[in-house]
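Start from the sequences, fold in the hints, and give me the full structure.
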Amino acid sequence: MTVISDIIIVFLLLAGAFLSLVAAFGVIRLPDVYTRNHAASKSATLGVMFILLGTFIFFLAKDGFFSSRLLLGIAFFFITAPVAGHLISRAAYNSGVKMWDKSVRDDLKNKK
Amino acid sequence: MIDIALKLSLIILAIAMLGLVYRLVKGPTTPDRIVALDAMGVNLVSIAAVLSMILNTSNFLDIILLIAILAFIGTVAYAKFLEKGEVIEYDRNQ
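Residue numbers (numbering that gives the first Met the number 0), protein chains in the order written: chain A, 0 to 111; chain B, 0 to 93.
By construction, these hints were calculated from the structure, which means they are not laboratory data.
Certain hints may be false.
Below 35 Å or equal to it, Euclidean Cα-Cα: the simulated DSBU-like pairs (lysine-lysine) are [to be verified]: (1) A/Lys41 x A/Lys101; (2) B/Lys25 x A/Lys108; (3) B/Lys83 x A/Lys41; (4) B/Lys79 x A/Lys101.
Right, here's the structure in full:
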């Protein structure tokens with residue numbers, strides 16, 4: 000445990016927790032389901048990737064333990080979280096959830 | 000320094016989880032609740048990672064991958080149920 004790895008771990012942890020808090024505030028405050036999905040699927044994904052990277056560096060610096068499962072978890076989140084967001088948003092549009100009444104453009108309206 | 004950061008990030012993650020619970024209870028439509036549940040699964044992975052650092056053990060790292068996979072499968076199943084009315088379809092050509 001050197002000082003440099005300590006500083007990197009603390010930065011990654013606090014940045015990841017802050018991004019998760021930003022995602023939660025976006026999910027609370029934004030007006031309709033598409034904007035909420037936009038906040039949740041991007042910000043929360045980057046936050047959890049930061050925290051998993053911090054955990055990886057923590058165990059690598061403290062024990063010298065190279066955890067390939069954490070790297071696999073980071074890659075898994077990077078691949079699957081946008082896919083899950085896309086599927087929720089498409090299911091919401093196809094099941095008839097209205098957009099925010101101040102949104103100006105709906106490209107899928109005439110496409111059936 | 001690192002103990003304070005661990006506890007602080009655990010508190011921040013718990014506050015974020017409470018905000019998502021608010022949206023899960025109040026959300027007007029079903030996709031809102033699915034968005035909140037998906038983000039709660041992601042937050043739960045973060046809490047497991049921070050907790051494995053606080054308890055100083057590397058035995059929880061399997062659980063992280065397991066929660067991630069289960070949250071993804073649940074979200075996909077809910078989205079398919081909302082869109083088509085069933086999760087596993089027997090006749091694909093309709």
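Going down the list of hints, with the structure as the test:
1. Under the criterion of a C-alpha separation no larger than 35 Å, the hint pairing A/Lys41 with A/Lys101 is consistent with the structure, at around 23 Å.
2. Proximity of B/Lys25 to A/Lys108 is assessed by CA-CA distance (about 28 Å); at most 35 Å being required, the pair is judged to hold.
3. Proximity of B/Lys83 to A/Lys41 is assessed by CA-CA distance (about 26 Å); at most 35 Å being required, the pair is judged to hold.
4. Taking the CA atoms of B/Lys79 and A/Lys101, the gap is near 28 Å; set against the 35 Å cutoff, the hint holds.
Comparing the model with each earlier hint shows no violations; every hint is respected.
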